[in-house]
Amino acid sequence: MTFNNKKKEKTGNFPKKTETSQNHLQDLAFFFPLPLVFVSSGGVILETNLALNELLNYQEGELIGESLEKLLQKPDFEKLLKETLENDFVKNFESILKTKENKEIPSSLYARLKRDEKNQPIGFFLAFFDLRKIQKTQKELEEKTRDLERTKISLLNILEDMEEARRTAELEQLKTRAIINNLIDGILFFDNEGVLQIINPAAKKILGLKEENLIGKTIEEIEKNSLLIKVIQAAKSQEKDSVKEIAFGPDQIFELNSALVSSETENLGFVINIRDVSRERRVERLKSEFVTVAAHQLRTPLSAIKWTLKMFLEGDLGQLTPNQLNFIEKLYQSNERMIELVNDLLNVARIEEGRQITELVPASLESLCQEVIDSFKYLLDKKNIVFGFLLPAEKLPLVKVDRESIKLVIHNLLDNAIKYTPVGGQITISLTKKNDEFLEFQIKDTGFGIPKDQQHRIFSRFFRGANIIKLETEGTGLGLFIVKNIVEAHGGRVWFESEEGKGTTFYFTLPILQSGKSIFEKIYKKLFRPSKPSFSR
Amino acid sequence: MANILVVEDDKFLRELIVRKLKEENYNVIEAIDGEDGLAKIKETKPDLVLLDLILPGIDGFELLSRVKEDPFSSQIPVIILSNLGQRDDIEKGLRLGAVDFLVKAHFTPGEIIQKIKNVLG
Chain P
1 MTFNNKKKEK
11 TGNFPKKTET
21 SQNHLQDLAF
31 FFPLPLVFVS
41 SGGVILETNL
51 ALNELLNYQE
61 GELIGESLEK
71 LLQKPDFEKL
81 LKETLENDFV
91 KNFESILKTK
101 ENKEIPSSLY
111 ARLKRDEKNQ
121 PIGFFLAFFD
131 LRKIQKTQKE
141 LEEKTRDLER
151 TKISLLNILE
161 DMEEARRTAE
171 LEQLKTRAII
181 NNLIDGILFF
191 DNEGVLQIIN
201 PAAKKILGLK
211 EENLIGKTIE
221 EIEKNSLLIK
231 VIQAAKSQEK
241 DSVKEIAFGP
251 DQIFELNSAL
261 VSSETENLGF
271 VINIRDVSRE
281 RRVERLKSEF
291 VTVAAHQLRT
301 PLSAIKWTLK
311 MFLEGDLGQL
321 TPNQLNFIEK
331 LYQSNERMIE
341 LVNDLLNVAR
351 IEEGRQITEL
361 VPASLESLCQ
371 EVIDSFKYLL
381 DKKNIVFGFL
391 LPAEKLPLVK
401 VDRESIKLVI
411 HNLLDNAIKY
421 TPVGGQITIS
431 LTKKNDEFLE
441 FQIKDTGFGI
451 PKDQQHRIFS
461 RFFRGANIIK
471 LETEGTGLGL
481 FIVKNIVEAH
491 GGRVWFESEE
501 GKGTTFYFTL
511 PILQSGKSIF
521 EKIYKKLFRP
531 SKPSFSR
Chain E
1001 MANILVVEDD
1011 KFLRELIVRK
1021 LKEENYNVIE
1031 AIDGEDGLAK
1041 IKETKPDLVL
1051 LDLILPGIDG
1061 FELLSRVKED
1071 PFSSQIPVII
1081 LSNLGQRDDI
1091 EKGLRLGAVD
1101 FLVKAHFTPG
1111 EIIQKIKNVL
1121 G
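Which chain is which? The protein sequence lines are P and E, in order.
Residues 1 to 537 (our numbering) make up the first sequence, in order.
Residues 1001 to 1121 (our numbering) make up the second sequence, in order.
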């Protein structure tokens, strides 16, 4: 409707002009987008604008004459009335507006008291802010804030976890460092670029390195230290899975082990482990020397006995009765066993001194076998054994071996097969190419077999099968120990299958001679620029 | 018949091999150590030397190398008859000029005679 009393108020001084401005104001109020209402000081609605009617769903003029209570809760209505009369002005009065259908609209109210010329209150203007939109925004804001809060908490948690992980990692690193630093073995770690990353006090001591700032230096920068060069060169020539020994002085022997350190995808570098084995080697050498000397000392009387008995047997020392000769023959055989034992002891001593494998040369395993087989022809015939030597159709590749040692291996295995196979039995040796890396030797007999419960001890020193001892067949119990040691020193493997009463098959493998360099040589070549003369020397 | 010098410090072994050689109608000269051996070589210029290696004083290797260095004796064939038998020993002996290397315990007197016969032809 219209703001009648504004019209009345402004009448008087400028009737014409005020008439115009009054209409103007009425129109303005009517179209003003903010809901407005003019209420008498008693709370009766006198005027409303379009925005209010639309907000509360009333027809134009429908609310005129009604009490404000129709729009507001009674307590709010009274409170608002009171505050407005007292303060002339109220703002941000939060309340609930009711629509015609009694729907509630949260709103913020603004009230302004209107007085007449005598300063008597005649009513007040009320303006409403629909808070729903604001509340919605606020709600969203609150939600967003909560989201942010949650994000913040999660972030803090992550940070805390990271901190925790960092502390754990630091602690682990400290532990690892402490372990490495307190190891008796020397440890060196070079990264991919050949830069020294870790060196522990033991390694410094062994290598005689006194400088403090070795970490971060390349091998080239430290190389004036000749012991380190020795170590690197030794590691360079190290075969896969083998331990390299290196001597820094007459009584200073170190065991060297180097390994690549790699993650799943890349090489991180390599670690060298140096262990002082001087004392062990000294003790082993003394023991072996004792065995060697003792064995050699035994040979003189054994030779004297052998020669004497043989001269008796051949009639050089006078004629004996057939019965006496029979005993002398048995004595001679006993003495031969003693000689064999001494030979085996000497071989074991050599193995323990690490002197067994001295010279690796390319060789044909086939011809090594043939040489040994030829030396057993007489025995094989004597025991009437059906012997076979099987070879694959294609030519076998060469192996890199110590010829005498491998012949000893084949000798011992064939000797065993003959000893433990009864007259008329079968022995077959066969060679095959197992894969690109190994040749396999196989010797199968139809002998007594090895009792199941003793099979695990078969490669240990002085082992002899219980069933064999009963048969009184000669043997020292050292043959297979020697076999195992020699084969393994060549990087091969030895094993067997056996069934008591049916026979035994022994197998061993030897690495095929590869045209390329050793694995470590390849790696080092990759790690360090080969142009450096100190590493190609 | 050929003159054979036996250089062997063990009395019993020496007696055994000397007896066997004599039965085979060789002229046998005996030496009990390296020094004695060198002197007997100078003195008798034998047709063959049967040489032990582990000897008191001048050992067999030393004796062998001196014999081979001296033009007077360098043509005399030397067969080593020793307790040693490791590959390095054998290689060393052959390198110094021995015609054969026999490990005592691995040969009977008869086999040793056979080796001597082979060398003397």
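Where hints are given, some of them may not hold.
To be verified - With a Cα cut of at most 27 angstroms, we get these calculated DSSO-like pairs of lysine-lysine:
1) Lys118/P to Lys139/P
2) Lys400/P to Lys330/P
3) Lys1092/E to Lys1068/E
4) Lys1092/E to Lys400/P
5) Lys103/P to Lys133/P
6) Lys175/P to Lys139/P
7) Lys377/P to Lys1117/E
8) Lys1115/E to Lys382/P
9) Lys287/P to Lys1092/E
10) Lys1022/E to Lys1092/E
11) Lys407/P to Lys1115/E
12) Lys91/P to Lys139/P
13) Lys1068/E to Lys407/P
14) Lys330/P to Lys1011/E
15) Lys1042/E to Lys377/P
To be verified - Restraint-style ranges between C-beta atoms, simulated for each label pair:
16) Leu325/P to Phe1012/E: 30 to 40 angstroms
17) Glu1069/E to Leu268/P: 30 to 40 angstroms
18) Gln426/P to Asp1070/E: 54 to 64 angstroms
19) Pro1056/E to Ser334/P: 30 to 40 angstroms
20) Ser367/P to Asn1003/E: 47 to 57 angstroms
21) Lys230/P to Asp1070/E: 36 to 46 angstroms
22) Glu1023/E to Ser334/P: 24 to 34 angstroms
23) Glu1069/E to Val423/P: 26 to 36 angstroms
24) Phe1012/E to Glu359/P: 29 to 39 angstroms
25) Ala1039/E to Thr505/P: 53 to 63 angstroms
26) Pro1056/E to Thr505/P: 49 to 59 angstroms
27) Gly1097/E to Leu268/P: 31 to 41 angstroms
Hints in this document: simulated from the structure, not taken from any laboratory.
Computed from a prediction, not measured in an experiment: that's the story for all the values here.
For each residue, glycine too, the CB sits at the ideal point set by N, CA and C.
Status of the hints after comparison with the structure:
no., hint, verdict
1, Lys118/P to Lys139/P, "violated, 47 angstroms"
2, Lys400/P to Lys330/P, "violated, 42 angstroms"
3, Lys1092/E to Lys1068/E, "holds, 13 angstroms"
4, Lys1092/E to Lys400/P, "holds, 23 angstroms"
5, Lys103/P to Lys133/P, "holds, 16 angstroms"
6, Lys175/P to Lys139/P, "violated, 53 angstroms"
7, Lys377/P to Lys1117/E, "holds, 25 angstroms"
8, Lys1115/E to Lys382/P, "holds, 25 angstroms"
9, Lys287/P to Lys1092/E, "holds, 25 angstroms"
10, Lys1022/E to Lys1092/E, "violated, 30 angstroms"
11, Lys407/P to Lys1115/E, "holds, 24 angstroms"
12, Lys91/P to Lys139/P, "holds, 22 angstroms"
13, Lys1068/E to Lys407/P, "violated, 32 angstroms"
14, Lys330/P to Lys1011/E, "holds, 26 angstroms"
15, Lys1042/E to Lys377/P, "violated, 45 angstroms"
16, Leu325/P to Phe1012/E: 30 to 40 angstroms, "violated, 22 angstroms"
17, Glu1069/E to Leu268/P: 30 to 40 angstroms, "violated, 60 angstroms"
18, Gln426/P to Asp1070/E: 54 to 64 angstroms, "holds, 57 angstroms"
19, Pro1056/E to Ser334/P: 30 to 40 angstroms, "holds, 31 angstroms"
20, Ser367/P to Asn1003/E: 47 to 57 angstroms, "violated, 41 angstroms"
21, Lys230/P to Asp1070/E: 36 to 46 angstroms, "holds, 42 angstroms"
22, Glu1023/E to Ser334/P: 24 to 34 angstroms, "holds, 26 angstroms"
23, Glu1069/E to Val423/P: 26 to 36 angstroms, "violated, 55 angstroms"
24, Phe1012/E to Glu359/P: 29 to 39 angstroms, "holds, 37 angstroms"
25, Ala1039/E to Thr505/P: 53 to 63 angstroms, "holds, 59 angstroms"
26, Pro1056/E to Thr505/P: 49 to 59 angstroms, "holds, 51 angstroms"
27, Gly1097/E to Leu268/P: 31 to 41 angstroms, "violated, 57 angstroms"
Violation of the numbered hints given earlier is confined to hints 1, 2, 6, 10, 13, 15, 16, 17, 20, 23 and 27; the remaining hints are satisfied by the structure.
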